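Enquirer: The letter at position 57 of the sequence shown is residue 57 when you use the working numbering, and the numbering goes up by one with no holes.
Simulated from the structure, these hints should not be mistaken for lab results.
Treat each hint with caution, since some may be false.
To be verified - Here are the simulated lysine to any residue pairs, SDA-like style, with alpha carbons at most 25 Å apart:
id, residue 1, residue 2
1, 89, 141
2, 72, 126
3, 55, 89
4, 26, 50
5, 55, 118
6, 91, 135
7, 97, 120
8, 72, 24
9, 89, 115
10, 26, 116
11, 89, 108
12, 97, 40
13, 51, 72
14, 26, 55
15, 72, 120
16, 26, 72
17, 91, 70
18, 51, 35
19, 91, 108
20, 26, 16
21, 24, 120
22, 24, 116
23, 51, 69
24, 91, 136
To be verified - Just the calculated beta-carbon pair ranges, DEER-fashion:
id, residue 1, residue 2, range
25, 91, 114, 14 to 20 Å
26, 132, 11, 15 to 21 Å
27, 57, 23, 35 to 41 Å
28, 48, 137, 41 to 47 Å
29, 134, 51, 37 to 43 Å
30, 76, 20, 25 to 31 Å
31, 94, 31, 18 to 24 Å
32, 38, 66, 30 to 36 Å
33, 96, 66, 27 to 33 Å
Everything numeric in this text was worked out from a predicted model, so none of it was measured.
Glycine included, each C-beta is placed from N, C-alpha and C at the ideal position.
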Amino acid sequence: MNTYLITLSRYNRPVNACGETPGKAKYNTYLEMGDLFDSFAEFLRFVKSIKLIHKFRPCDLFCDVEQFERMKECRNIPFALMGMNVILKSKSRGNIKGTIVGSNDSMNLDICFEGTCHKENCHPHYELIYLDNSGDIVAEF
């Protein structure tokens, strides 16, 4: 996966996006911002430029540290760290491994699951197993 910097008109900051190609990176960005646009075609009208930055790393998705620290305090998960491995016990997808890349405005975790290059919204107390660097369980909900 590659990481791209996408500049959108009427959006005050560029967006980091991941994908095998620039087109897939734009589509992944649309999926994350999709509720703002009626269609992918409408989203494409706002794309001013796209620039290759480098190959994908989960740390490319890391968020604002202060927001993450506030979320940890409010959700009572002081042990959580950006970059920490987790396992989601999903009924529909099975157990899937991921990496915490931050938090969002819903005070939930943003997790990048293996085999993907985008973050997903996960409640910190719902069906999650938190692992330390050696793979041992730190907490389980």
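Enquirer: Next step is simple, just say for each hint if it's right about the structure.
Expert: Status of each hint after checking the structure:
1. 89 / 141: Holds - the C-alpha atoms of residue 141 and residue 89 are around 10 Å apart, at most 25 Å.
2. 72 / 126: holds, 15 Å
3. 55 / 89: Outside the cut-off at roughly 29 Å; violated.
4. 26 / 50: holds, 8 Å
5. 55 / 118: holds, 14 Å
6. 91 / 135: holds, 22 Å
7. 97 / 120: holds, 12 Å
8. 72 / 24: Not satisfied, since the Cα-Cα distance of roughly 32 Å exceeds 25 Å.
9. 89 / 115: holds, 16 Å
10. 26 / 116: holds, 15 Å
11. 89 / 108: Status holds; Cα separation ~16 Å.
12. 97 / 40: violated, 29 Å
13. 51 / 72: violated, 33 Å
14. 26 / 55: Measuring from Cα to Cα gives roughly 16 Å; hence the hint holds.
15. 72 / 120: Given that 25 Å is the threshold and the Cα spacing comes to 17 Å, the pair holds.
16. 26 / 72: At roughly 31 Å apart (the allowed maximum being 25 Å), residue 72 and residue 26 break the hint.
17. 91 / 70: violated, 29 Å
18. 51 / 35: It holds: about 24 Å lies between the C-alpha atoms, which stays within 25 Å.
19. 91 / 108: holds, 19 Å
20. 26 / 16: holds, 10 Å
21. 24 / 120: Holds, at about 17 Å.
22. 24 / 116: Measuring from Cα to Cα gives roughly 12 Å; hence the hint holds.
23. 51 / 69: violated, 31 Å
24. 91 / 136: Between residue 91 and residue 136 the Cα gap is close to 22 Å, so the pair holds against 25 Å.
25. 91 / 114: 14 to 20 Å: The hint (14 to 20 Å, Cβ to Cβ) holds, given that residue 91 and residue 114 are roughly 18 Å apart.
26. 132 / 11: 15 to 21 Å: Given range 15 to 21 Å: violated, Cβ gap about 38 Å.
27. 57 / 23: 35 to 41 Å: For residue 57 and residue 23 the Cβ distance comes to about 21 Å; the hint is violated.
28. 48 / 137: 41 to 47 Å: Roughly 45 Å apart at Cβ, these two residues keep to the hinted range, so it holds.
29. 134 / 51: 37 to 43 Å: holds, 38 Å
30. 76 / 20: 25 to 31 Å: violated, 39 Å
31. 94 / 31: 18 to 24 Å: holds, 22 Å
32. 38 / 66: 30 to 36 Å: Hint holds: Cβ distance 33 Å, inside 30 to 36 Å.
33. 96 / 66: 27 to 33 Å: Hint holds: Cβ distance 28 Å, inside 27 to 33 Å.
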